[in-house]
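Chains as they are written, first to last, in the numbering used here: chain A, 1386 to 1654; chain B, 1386 to 1654; chain C, 188 to 539; chain D, 188 to 539.
Fair warning: there could be bad hints in the mix.
As the list claims (entries may be wrong) - Covered by chain A, per the in silico footprint, the following chain B stretches (three or more residues, Cβ under 8 angstroms):
(1) 1433-1442
(2) 1462-1473
(3) 1496-1507
(4) 1533-1541
These are calculated hints, taken from the structure and not from any lab test. All C-beta atoms, glycine included, are put in the ideal place defined by N, C-alpha and C.
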Amino acid sequence: MSMPAPSRLLFHAVVAAAFALMLAPVVMVMVISVFRQEIVSFPPPGLTLDWYVNAWDRQEFARGFVSSLQVALMATLIGVPTGTAAAYAIARGWLPGKGAVNTLLLSPLAVPGVVAGTALYMFYLRAEFWIDADITATLHGLVAAHVLLTIPWTVRLVSASLAQLDRSAEEAAANLGARPFTVFRRVTLPMMRPGIVAACLFSFIQSFENLELSLLLVGPGRTTLPVAMLSYLEFRIDPTLAAVATVQILLVGGLMLLTDRFVKLSRVV
Amino acid sequence: MSMPAPSRLLFHAVVAAAFALMLAPVVMVMVISVFRQEIVSFPPPGLTLDWYVNAWDRQEFARGFVSSLQVALMATLIGVPTGTAAAYAIARGWLPGKGAVNTLLLSPLAVPGVVAGTALYMFYLRAEFWIDADITATLHGLVAAHVLLTIPWTVRLVSASLAQLDRSAEEAAANLGARPFTVFRRVTLPMMRPGIVAACLFSFIQSFENLELSLLLVGPGRTTLPVAMLSYLEFRIDPTLAAVATVQILLVGGLMLLTDRFVKLSRVV
Amino acid sequence: MGNLVLEALCKRYGSSTAVERVDLEVKQGEMVALLGPSGCGKTTTLRMVAGFIPPSEGRILIGGQDVTRRPAHARDTGMVFQSYALFPHMTVGQNVAFGLEMRKVGRAERDGRVMEALRLVRLDHLADRLPRQLSGGQQQRVALARALVVNPAVFLLDEPLSNLDAKLRGEVRMEIRALQQRLGLTTLIVTHDQEEALTMADRLVVMERGRVRQVGTAEELYENPTDPFVAGFVGRCNLIEGRLEAPGGFRAASGALLHCDVEAAEARPDAALLALRPERIGLQPDAEGGGRVAAVTYLGAQTEYLVEQDGTSLLIIRPTPTLADPLRRLAVGDAVTLSWEAAAARLLPAAT
Amino acid sequence: MGNLVLEALCKRYGSSTAVERVDLEVKQGEMVALLGPSGCGKTTTLRMVAGFIPPSEGRILIGGQDVTRRPAHARDTGMVFQSYALFPHMTVGQNVAFGLEMRKVGRAERDGRVMEALRLVRLDHLADRLPRQLSGGQQQRVALARALVVNPAVFLLDEPLSNLDAKLRGEVRMEIRALQQRLGLTTLIVTHDQEEALTMADRLVVMERGRVRQVGTAEELYENPTDPFVAGFVGRCNLIEGRLEAPGGFRAASGALLHCDVEAAEARPDAALLALRPERIGLQPDAEGGGRVAAVTYLGAQTEYLVEQDGTSLLIIRPTPTLADPLRRLAVGDAVTLSWEAAAARLLPAAT
């Protein structure tokens, strides 16, 4: 349908402005991270990588980066197989109350992050009281919290790939003499592979960038990168932070593009 | 496909455990909020609504609730029309670089919240320097940040409802004598309605529960609820927080269920 | 109401041509079918008439007026879409009323005309339903009523029966034809189904790869195809390659000499194909002619025979012989003699 | 290879019955078609044979062995799925080899048999392609090769042609039939297309609403239907309600007295329907018989006439008359006389 020219022009202007506004902060932070001066001025006072060196020199960022990587990897390794199993069970109708399960899987979007973090923290405190062992400041506690984050994403990404899977391919395999486990290993699993790869990458990203769940659960000396950034922010704002932010944007953005090659994210996320 | 009984049992146990683990913290926090004692013990020491009263009496929560509502409403009112226009433009192929636009719309998932918050804060500081006016601690600044959050969600929800829209209904209207704007008003817009309603509810939720963008941008006396919870957490953990969390879970969960009636969220989110 | 004229209508997309110089007149009250396989340009032609696609060249005239540059909403055509394209958020009555509203017809007159149009398609009792509450056939009829209520100058139908099941298709086909004749509608219908075109239209336009191959009544196209594509697309046909051999014979590429009409042969010296309808070939169970049965397929009312004769395969379709007829016992390998009237064998130029 | 026997096979879902007591034997090397409209239980029956659906009652025997309780992977059936169901992540060769791998056939023999099976369907040059790189018809042939390479005792085909276009369908139909006859496969095919069933199968099983309506060869079903559903589903048929009036007449509900066979009438005192094939009715252009033409539809090789006679509508299909024939000029409103052999009019019980 075509529109009269003036209203169409206005319309394009609004849309363009919206997109520009969305991109501006990200571009700005990248620009700041390579400028020599703290305050941006014209003409630019020269480019530098000093802020990146500075960020790496500060122990909290370097360590935060390492423990974020560690936690994200472990959460992915535990969460993705569990979530995949759940997705399979849902797709095969083995779970009663499919609707309830689907609603539950929206929980990472529904339950505010701070609320979930608080709830987990309180839950851990009670659990510590009962089992008489540390949870809150341990790596296990943190990983367990992040696993909860990765499962719903995994279920949704894997479910999307299962939905496209032709059930009759499994029947064909059985018809050709394959036992149930062989069917799963030789036919079902390979057909789910794109979804599983996407789930791994995506779970990693979600865990890596999470602030709210980690905030109360990190222990001394095991601060994740987002928490380290927040702590740093409380004292000062300088281009060091822009450098850290840029590294994260590039890392996560790169992983997203990689994931997108396996599953069209815009369709399933 | 059927599985041998023992492996199937194990499988079910894993899936059930995963779901139980996901629900446990939420249930726990709700339980804590209505128990008289701070430490849960058996038999339960009696139920109470005191913690809710206490939460409301604390100014920061009451005010936080109100300003969260205010910001979320304004962000929704600005973000949804803009996002809807963008979705329409994308669906009609008026925008060049459709792939780039879709990738950009994944940004709320791709750019870590703390990074986005930091980027926005730095952007605002520079902008303040140039235009010589306050942004960071103002309501406008906060709302603008949340608008950025609502746009991508709106575009995706509305795009999903546009994808199901039969283009030929618009052609039929033109064929029956309707001018382009009449076609849009009488046919296109009503057919997009479920997507727009879902986008409103969902944008509201996303804004209402956001912590990371708000953290650096709230002004004195205009703290949002998630920020207020975080500040409170730095000093103490008690069932008051559980009461606040429960209210939010119920509010947001209720809105999610309402949204789900308009658009099957599990398909588009 | 008026006639519809297409003059040298073309549509090109970059270097590819969707529609190549279509000339056509649909007379007042006439129903013309655009028939062809998918991708032949028939839908593009219809959409150019409706105003959804701008032509690259040529003119479109409705009732004598050039509407080539007019937008769709100012063209006064009534179109029925393949998907019906009903407005899902409006009731049946509101759907039908939409065109009258756009024409600023007053409320009282509007209501009357809506009910009249719905009565025409026997759906006046369902005016308050939403489209999704109706069956496919009922939705189709609402789409008809919606297009007809505004008395369009030209009525356009885009594969109107393709979403209906086989049984319903026959009914709706008769209903559309009856309405069209009763109201004297100037109608252009697009279809890929030759039976649909043969049963509904006064004249057929057979299209292939953007070009009009032949225009004519069902009988003209079936009995006198002038193009090998038309011969094969409208009905089934044996198309045998070869060349004329004077007098009165056609030498097939395989070597067989086939009987054909001498006068027709003189009129078409470029003949490269012999077209022979399978039901125009007679079959005798004797060895004289040198034919051999390669396959017999019983299809109930009819039986198909595949006969090899001097290296040429011919399909023959006969009404299934009665039990007493010796043909009934014809089996694979039996010797047969084929025969046809000289006039039944048509000579055609090579396929382009 | 062996025969396939179904004994009183039933499938119920809660209170609804999908398949009701099906008894059937498919003999060694025979091809039997399950034919019926969608939802008639034909696919459920096939899937019970393959082992994908457990029967509620009854037995399934393959080569004399009761396999009713055996899981799908231990049944030795070779199935071709409607969607082809190729493994998308394996090459054509790996797809075909899968069944042999499951049977632990050694690598050398496996490779040989895979190539042999692919040669059978003329695809040996594409063994290294992935399924998505093939056309629909080629995918279909890979599915055939994959099912055949393991020499299954019973060959099962689930609407194998429904995803192919009209032209390809004819070819693949012949190809499957030729393979089946050459290899002597015991075959059960499911289809909703009567032409497909008539052309491919040795015998047909017509099903409706979970029940077998009639079993027989194409000719038995077409010429001697014993059930009104079969008469209307296999070929077209005039079904006229009424009752017998001795001697030799059938009084239609509209009042007309219709000619029928006396002996047949005596054998079927419960007759409530007269079944008359449209091509078995003769047509004369004179006023004697009191018929009146209500519609004439030219369809190329055939012409359909709708004739009103004493309040009864009859469909008549004749080969299109030649130009010289006075029937060629028959138009709506003309008086005609109908005639048919007494044996052509079959008496049937009321529809159930």
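Tested hints:
1. 1433-1442: Since 0 is below three, the answer is violated.
2. 1462-1473: This one holds; 4 residues, not fewer than the three required, reach chain A with a Cβ under 8 angstroms.
3. 1496-1507: This one holds; 11 residues, not fewer than the three required, reach chain A with a Cβ under 8 angstroms.
4. 1533-1541: holds (count 4)
In this structure, only the earlier hint numbered 1 is contradicted, and the remaining ones agree with it.
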